[in-house]
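Student: So the sequence lines, in the order shown, correspond to chains A and B. Quick note on the working numbering: the first sequence kicks off at 1 and runs consecutively. Quick note on the working numbering: the second sequence kicks off at 1 and runs consecutively.
Hints may be right or wrong, so weigh each one.
Think about it this way: if two alpha-carbon atoms lie no more than 30 Å apart in a straight line, the pair counts; the simulated BS3-like pairs of lysine-lysine are [claimed, not checked]:
#  : chain 1 : residue 1 : chain 2 : residue 2
1  : B       : LYS63     : B       : LYS363
2  : A       : LYS297    : A       : LYS367
3  : B       : LYS464    : B       : LYS482
4  : A       : LYS367    : A       : LYS105
5  : B       : LYS163    : A       : LYS367
6  : B       : LYS426    : B       : LYS436
7  : A       : LYS367    : B       : LYS63
8  : B       : LYS63     : B       : LYS436
9  : B       : LYS363    : B       : LYS53
10 : B       : LYS436    : B       : LYS53
11 : B       : LYS53     : B       : LYS106
12 : B       : LYS482    : B       : LYS363
13 : A       : LYS297    : B       : LYS163
14 : B       : LYS464    : B       : LYS106
15 : B       : LYS63     : A       : LYS297
16 : A       : LYS367    : A       : LYS166
17 : B       : LYS53     : A       : LYS367
18 : A       : LYS480    : B       : LYS464
Simulated from the structure, these hints should not be mistaken for laboratory data.
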Amino acid sequence: MEFNPILIVPELYQLLLILALFFQSLGAGPHRPGGDEMPPAERWLPFFAGFGVFVSIVSWGAEGLIFGGAYKLDALSQFFKVAIAAGFYVAVLNAARQPSLEERKRPDYFMFLAISAWGLMILSSAVELITIYIALEISSYSLYAVIPLRNVGPKGDPRAAEAGIKYILFGAVATAIALYGFSYILASQHTSYIAQLAKANWTWSAQPMAVVGLSLFMGGMFYKLALFPFHFWCPDVYQGASNETAGFVATLPKLGAVVVLVRLAALLKPGLEITTLLAVLGALSMTYGNLCALAQKDVKRLLGFSSVAHAGYMMVGLVSGTAEGLSAAAFYALAYVAMNLLCFWVVSRVASDGRNLQLSDLDGLYKRSPALAFALGVGAFALVGLPPTMGFMGKFFLIASAWDHGYNWLVITLVLNSAIAIYYYLSLVRHAYTHEAGEDAPVPDNSPFSVCGAGILAAVVLVFGMVPGGLLDFAMRAGKQLLP
Amino acid sequence: MEFGYPVLTSLIVFPLLAAAGLFLIKSPQVARAYTMGASILELMQGLPLLTFKFNADWQFVEKAPWVPQWGLEYHLALDGISYLMVMLTLAILPLCVMCSWTYISKRVKEFHFCLLFMTAACVGVFSALDLVLFYVFWEAMLIPMYLLIAVWGGDQRRYASLKFFLFTLAGSTLLLAAIVAFRITGGTFSVPELMQTTFSFRFQYWAFLAMALAFAIKVPMFPFHTWLPAAHVQAPSAGSVILAAVLLKMGTYGFLRFCLPLTPEASVYFAPLMIAVSIASILYGGAIALGQEDIKKLVAYSSVGHMGFVTLGIFLFNLRGVEGAIFQMLNHGIVTGALFMMIGAVYERSHSRAIADNMGLGKYLPAFMGFWGLYALASFGFPGTNGFVGEMLVFVGAFQQSYVLGALLVPGALLGAAYMFRVSLKMAWGRPGTAKGWRDLNSREWAYLLIPAVFVLYIGLAPKLFFNIIDPSVEKLLADFKTRSVAGAAVAAKPVPAAVAAVAVADAPVAEAAAPATPAEPVNN
Chain A
1 MEFNPILIVP ELYQLLLILA LFFQSLGAGP HRPGGDEMPP AERWLPFFAG
51 FGVFVSIVSW GAEGLIFGGA YKLDALSQFF KVAIAAGFYV AVLNAARQPS
101 LEERKRPDYF MFLAISAWGL MILSSAVELI TIYIALEISS YSLYAVIPLR
151 NVGPKGDPRA AEAGIKYILF GAVATAIALY GFSYILASQH TSYIAQLAKA
201 NWTWSAQPMA VVGLSLFMGG MFYKLALFPF HFWCPDVYQG ASNETAGFVA
251 TLPKLGAVVV LVRLAALLKP GLEITTLLAV LGALSMTYGN LCALAQKDVK
301 RLLGFSSVAH AGYMMVGLVS GTAEGLSAAA FYALAYVAMN LLCFWVVSRV
351 ASDGRNLQLS DLDGLYKRSP ALAFALGVGA FALVGLPPTM GFMGKFFLIA
401 SAWDHGYNWL VITLVLNSAI AIYYYLSLVR HAYTHEAGED APVPDNSPFS
451 VCGAGILAAV VLVFGMVPGG LLDFAMRAGK QLLP
Chain B
1 MEFGYPVLTS LIVFPLLAAA GLFLIKSPQV ARAYTMGASI LELMQGLPLL
51 TFKFNADWQF VEKAPWVPQW GLEYHLALDG ISYLMVMLTL AILPLCVMCS
101 WTYISKRVKE FHFCLLFMTA ACVGVFSALD LVLFYVFWEA MLIPMYLLIA
151 VWGGDQRRYA SLKFFLFTLA GSTLLLAAIV AFRITGGTFS VPELMQTTFS
201 FRFQYWAFLA MALAFAIKVP MFPFHTWLPA AHVQAPSAGS VILAAVLLKM
251 GTYGFLRFCL PLTPEASVYF APLMIAVSIA SILYGGAIAL GQEDIKKLVA
301 YSSVGHMGFV TLGIFLFNLR GVEGAIFQML NHGIVTGALF MMIGAVYERS
351 HSRAIADNMG LGKYLPAFMG FWGLYALASF GFPGTNGFVG EMLVFVGAFQ
401 QSYVLGALLV PGALLGAAYM FRVSLKMAWG RPGTAKGWRD LNSREWAYLL
451 IPAVFVLYIG LAPKLFFNII DPSVEKLLAD FKTRSVAGAA VAAKPVPAAV
501 AAVAVADAPV AEAAAPATPA EPVNN
């Protein structure tokens, strides 16, 4: 197909934002001559990021296969691009008032966030393994730089540095493994295009090398998704990075990972060894994540282990091998992002001094900030999967799509895990509503900006929980097109 | 819609809107009055329900697609069984507002928000005919109840609320799996359609277990009852009232609405187990209640016993048993709800729930004690009160099934009388502590105690209206059940006697005629 720039307007727009931020980071800032006239990045970026959501919605209908068949624009990619643009918008808004980030580092900070989101957009369209790999690296590398940017004292924060190093080391190993696996795939199946790979034979008896290769390649995605056993970075990074950065790391990269896994899931027929492997990893991940989260005292660490568990939930949709399953996984990824953006929004607003929230810091939040407490309650109950929230609907679609496709034990594991998970999500609500505030409670940000943001995110989680039909329709279209 | 508006939907949506409106109100007193007004309006919106026709059809049906991709429907309707439960829910709300008028002094708005939210969810549970819709309401109701206990509860409210939440949620997660399994196997989420579908015994076996666990925890039946006393004792009195009057009914309603029609063979197969557990609940609840020093705990354990009668009645699979179960559900809602309101009222005076601190009220609070006496009598099934009707029907059903079974119930009923007399005698004639200075009931308390009292006597003396409401649905339920359960272990009941039903049925010999003493053995294949 002819290359037509109209097709990739969202990516181009995002690139434009990156360039603007890059030039600002070169010359701008109050400490540079002439820098005073430039509005600081956090002032103008939210508007443009908001416009980016609009742009990606406009290019909703784009369809085509470009760049030598490596880059596909379809319902799935456009669905995720809107989600990524929206998530980027919220993350930018969230980070705009970051207390633990110096003024002069802000253009760079936002530039890296923008690059990461750009990489994820490319990832959602990539249908060829090398392209996937490169897009994955684009989105990862920029995050490596962002995580240590947390300044809470004259020397910076050692935990943030630790988190940065952990993220790099784990990331490097995971991508190396992915690349290694890719070599096996290429050697045995002689192609790197997913469309052709889908026609190949993926049984262990026929192609053991390819199965090993694909498993390893998916390891790279599992790392992004923080699926057991690639999850070790997750709680540490969430804890070490600033609240706002963690909010970004916890949400958008998962979308990228899910979109690739959804595409790869077209290869995974139920009953294949590799599908079973995925199911086992999913079960382990949800159980391990939930059990570990039970013992956490640090809110972000708790959310970290919770995202390990949620990565496991998403596997339930992927292994079913049906269009419904893929759309359920896509829907759940979206729900997951919405719920986590909501929780991290509240965490960032409550810790207005940039500290790491302990559960006890939430004590008596309902008095200090009723709106944020309510939003936190919505987020927590959504993460449990209680109706009427998006979390419930997502979980319900996962269960409904996976039942009777050979992995009923996985479904049972999922529902039992919901019962385990309730304890620690409930402790968020419990601290916010039933405990009285202690001495050193942080002062939550009760500005209209913070309250409105929380309110809108909570409304999104509730409304799509009550009437998920429209959103599911788009997810369904994406799923049907992969597995007709 | 023949009334110009969708009745059931408005009953669900209106409380939610009213709850949202609460946030515009500043003063606690206004919030109370506002909620009172809203609850009266809610009742008035329910007026069209009085046109209920005495047949077994689904009435007030509302149907709209919800998530068409998965065939989810927004499907509400009532039949004789759910009708009474919805009415009970609507009637309880104003009473709850009244009984917490002075009881709740902190965060009044949020409290009433929870009450209204709760009402919406409860109406939804009883009227939903789509399995997923049912589940949504079923779970949504946990959140306000959790908050009611956790925020406005007693000293151990955190422990109690957490236990409540963990127990009920753990039970209902498997319910969700069962619901999905029904859809995959039966092809639809619609309850009326699934009622016509026959499932393999193996499927029914597991589906029944998954559902029964959720419902048994909610009821609660004997080994799963431990959350109930904790939750009741710690909850504020309005919370206890809703918990006792409405929430516990959801479990037994679930058995009636889902287990019997959807998994008839498995129900028959498990009936001996369920009956055994019910009897254990009755005896255990009664025995433990006998030893309580805390009035609220006593009533809480008595609930375990009373709900045992309900589950027993259901799993007898005969007309009298199921009628009795439904009556007992209604009665327990009215009587135990009223008892909890009374405990709340006396707690406001004594600031203690211990029996020892609330003795000798007969002389100083005659009106209070009079009401207490009435409800206590109703609680253990004294003739002329509503409790008698329900208990008697279950007795008849049990004797129809087998003499041994009936005989096992007798100590249960005796225990009921024993623990209620024990606490009532002490409260009426014990050595008064500080009771001398307390004032008797005020007009607000009169109001909210008089309303249940009317129903206690009305149902007790003239239950015909209620038989008319439930009988067509129960007969249809049992007829379907018998044709669909190959086992047919259930004993055929005699046709409904007319008018004076309850009083006539009260004579135990009548039961003998129809009791071929079939043992409750499972016949499975």
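Student: Quick check: which numbered hints come out false for this structure?
Tutor: When the structure is compared with the hints, numbers 1, 4, 7, 8, 9, 10, 11, 12, 14, 15, 16, 17, 18 turn out to be violated.
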